Amino acid sequence: GDSVTQMEGPVTLSEEAFLTINCTYTATGYPSLFWYVQYPGEGLQLLLKATKADDKGSNKGFEATYRKETTSFHLEKGSVQVSDSAVYFCALRPSGGSNYKLTFGKGTLLTVNP
Amino acid sequence: GAVVSQHPSRVICKSGTSVKIECRSLDFQATTMFWYRQFPKQSLMLMATSNEGSKATYEQGVEKDKFLINHASLTLSTLTVASAHPEDSSFYICSARLEPATKDGYTFGSGTRLTVV
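Chains as they are written, first to last, in the working numbering: chain A, 1 to 114; chain B, 1001 to 1117.
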């Protein structure tokens, strides 16, 4: 079945540091890939997405590129801020058919210190 | 943008009582809703998928008699935790699939923190 593996945290960085959170997936065909962010005590917010190979999703300084050859969708940001502290989830949605279920990775807690 | 309003945000109840959690789509019609459970420091576990006007489809291992889902209208889905016990304490999140597929795909409620004492 489909699965998503993302790097285990927690990740602790200083403000303005470079961030990478690795995400790889297993799925047939060409799934859609997502990064969601969850702030403490809240639900999930879509951060960015990509629907086909070589697409780059970007939002609020975050970027991720859909790499079919390595089945990866790593999240990056060049300069993190304290306000980026949250849990980040990588997720996929299968391609085709009527299966709309999202499969999530386990989440990575990011803490950014001033 | 499409918003799902989830209430209550926090609830504390006594063991043996039932708790209802509501999710309302405010500016769109939600044909399909998903209900998740999140344990501390863990990922989201899909509990069930509900389609308006039909019975919910539960994931393996989820007790349908314990977690009652109703999706009677295109703007409201409810999750009732029946005869709650301390082990049901968790963070519950609903999500609606946006149709037709938009750049966002899904929108999530803000979650409900259930504590059973």
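Honestly, the hints are just simulated from the structure, not real lab data. On a predicted model such as this, the values are computed, not experimentally measured, just so you know. The reader is advised that the hints may include incorrect statements.
Calculated lysine-lysine pairs in the PhoX-like style (CA-CA distance at most 25 Å, straight line) [said to hold, decoys possible]: (1) B:K1066 - B:K1020; (2) B:K1055 - A:K101; (3) B:K1041 - B:K1066; (4) A:K56 - A:K68; (5) A:K101 - B:K1066; (6) A:K60 - A:K106; (7) A:K68 - A:K101; (8) A:K68 - A:K106; (9) A:K101 - B:K1020; (10) A:K101 - A:K56; (11) A:K101 - B:K1014; (12) B:K1041 - B:K1055; (13) B:K1041 - A:K101; (14) B:K1020 - B:K1064; (15) A:K101 - A:K52; (16) A:K106 - B:K1014; (17) B:K1014 - B:K1055; (18) A:K106 - A:K52.
List in ascending order the numbers of the hints, as given earlier, that are violated by the structure. 11, 12, 16, 17
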